[in-house]
Amino acid sequence: MSGQGQVSFRNIVKMHGEFAALKGVNFDIKPGEFFALLGPSGSGKSTTLRILAGLDTPTAGRVLIDDKDVTSTDARDRDIAMVFQSYALYPHMTVAENIAFPLEMAKLPKSEIAPAVKDAARKVKIDHLLDRKPGQLSGGQQQRCALARAIVRKARLFLLDEPLSNLDAKLRLETRAELKKLQRSLGVTAVYVTHDQEEAMTLADRMAVFMSGEIQQVGTPAEVFARPNSIDIAGFIGNPPMNLVPARYVDGDVIVAGHRLKTTTTTAGERDVVVGLRPGALRMSEGGLGARVDLIEDLGDTAVLDLDCAGTMIRMRVADGNIPGEGDTISITARPQDVHLFDPATRMRL
Amino acid sequence: MTAKRLRGIALLAISMVFLLAWAFPIIWSVMNSLKTDSDVLAYPPKLVFTPTWEAYRDVLFGSGSILPNLLSSVIISVGTTIVTMLMAVPAAYALARLRFRGKKFAGFYVLATQMLPPVGIIIPYFLVLRNIGWIDTYQGIILIYLSFSLPFAIWLLVSYFEDIPFEMEEAAYLDGASRLKTLWRIIIPQVRGGIAVTVVFVFLNAWNEFLFAVVLSGNTVRPVTVAMFNFVSVEQTLWAKLAAVSVLAMLPVVVLGVVAQKHIVKGLTVGAVKGGGRR
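Each protein sequence line maps, in turn, to chains S and U. Okay, so the first sequence: first residue is 322 according to the working numbering, each after it adds one. Okay, so the second sequence: first residue is 10 according to the working numbering, each after it adds one.
Chain U on its own, in the form it takes in the complex:
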């Protein structure tokens, strides 16, 4: 047994510990979602049990169906993502490329918004939305989500745009392309990876958001993160159903994560090596 081999085993063991710590709550949720309520509460916990889809059937098609809430979540997340990207791509391009008065300040402002504790601004947001009558509306929630998704998306995208050499753009101008054509045909295809990463992050942030949603939503617009608490009441907690909803809410996240995994890993290391992601 060589030292190299030992090292490999030690590393594997350490990673398994971390993986387990991360995976445990998810495994636990999946298991509970397939149990009956009595099985959930059994002590010691039952590791071997007869799985049942009852909880899923109830939360999807029962009287308190969460389908409308899932739809709400989809509308909010997709809406937030589309509006964010439509604004963030040109904004990031401008920040990366153009010279204009106040650019430094704009860059700092974008970052500064990320430093505010969200709880600190929730009451003003509530008051503003109430005054314009946008509480419990899609446009209201999407507007508020934009206030943090947009700076984040811009900040993430700028580094991708900055990676593209100026000469590439100048070559396009000399080839007869307008600025917009250059952005569309030359620049954006090269930041596809960055755009994919940003879409995933923005979508997930909106999908997982709870704090603002619980304050600013109501009976009409109620995303699944808030609706989950229908199954928690003063008298009892419907564990199996709560777990089933959690798993359903997790599904799109997991799917997106797997699909975009390659881009995300690249996205996390962008800027580490100048231009390393490109050629």
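Bound conformation, chain S alone:
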């Protein structure tokens, strides 16, 4: 039953009346990949997942799975398993019955269902809870039950809609790591929706960043982090996100708050730009941009400084042992390759 799990979206448009939820979305997912759909709420990432699952139909465009057009195929005929944000466990069935349900629907003989259920439950470590009802499980256990129900069928595609958002912080981190291991060991293609950039960065092999109904960038987490395509992505990825400061470009340099910074980006003539500076890419050095330390957020091994550079707010990450005092005046700079330039009109990278 299990196939390749290769996905292509071709110019998918989804209209809700006059409102365009998706404005022509294109991407490809390779077999076996962990692919994240990342974006703020309302950006269209969940709609994209629902269209892939067959729970919504696109207004225009085509969805291909393993090179077959499935745009008008019913959800139940797509061989896709999904974990919902609410888990959507069947409350009147036991854990074992919940996990067995997809196999029953696939008309597997009873003799094969029982071992398969056991096996799936063991993989997510809930094999001691098989006789419980979902109402008797903790949030984390419910989440595992939903995972088991999704992996038991060995579908070709594994969809996850914000599966960790209902867990508490500690459990979320644990489950995140286990999820990645589970996906690797199963070798299945996974599509993961999240608004948490950290989740996407840590889990995904590649990710698509959604902004108001469009994909603005597709790439590995490292690529997206290193070269964000737009001001919106730059302000969304990273914790804290990139500093975005209005500046003026003058032959090879940018002038930020009265100070000249070298950049490797070149653009024609003299113009207004938005400069992007990662908090972690800033360093303290003599003769740089003068800044007063307004506030220090100490995170233990690092600290985030809120700096006032002649009225412009800039955040900077510094290592432990190198922390100035509040109210101190320091001088900061960045390597030319760390100075990103964006067009303030199109909001795209220069």
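Nothing false has been slipped in among the hints.
Listed below are the simulated DSBU-like cross-link pairs for lysine-lysine, each with C-alpha atoms no more than 35 Å apart in a straight line: (1) S:Lys491 x S:Lys501; (2) S:Lys446 x U:Lys190; (3) S:Lys428 x U:Lys190; (4) S:Lys439 x U:Lys190; (5) U:Lys112 x S:Lys344; (6) S:Lys428 x S:Lys502; (7) U:Lys113 x S:Lys344; (8) S:Lys444 x U:Lys190; (9) U:Lys190 x S:Lys454; (10) U:Lys271 x U:Lys112; (11) S:Lys475 x U:Lys190; (12) U:Lys190 x S:Lys389.
Since the hints were derived computationally from the structure, they do not count as laboratory data.
Starting from the known structure of chain S, fit chain U onto it as the hints suggest.
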């Protein structure tokens, strides 16, 4: 004596007054059904008397036995309940879930039928049934009962269906279930409580119905609510027998009420708290 204690006693007293007001006619009927006719008419009323089953023996096995009428009532009520549920469950599901043209109007229509005074439509109903020759038939009475039990059942069930999250159904589709399988395996087991409540209400409404029955029934099909009046005539009222029939007619109602009590209480508060009844 604390204020809390006083409050409790006051509340208890008030509830006793209400309970008594409700229970009095029932107690009175049960007592009268166990008296002889002369004891019933005694004044002042006899509270202490020798009980007798004579009235029950007469109404069950005497010349004017009401057994056929009880059977009529059972056939009408059970028939109405089965046909109503067979149609109301899918209809309520559709109203709760599907998007279709005229859904709003359909919902309003269902509710509007509940606002009509039944007396207003009894003559048209009579004429229709007479023209198709269904007066004094089971199918005739059941058809007419459907006209009010069905909207009521749909209206009651919709709120139960609406309580089930969409994602539950979508999960079932992705697990490979068809719409019908999903309805049967996932949705209906979760609205069992609602279905039980609806069955009880529909059955009781049909069982207790009098107005339509008296107009649309005849000698062949004569439910017990109508037959009761055999014991009321111009010359006299056979109180003990009338009371015995009343008690017999009440029995299934009481039994159903006790059995389904838990569900009914939940049913009356459904929708008060969103999803409160479920998890």
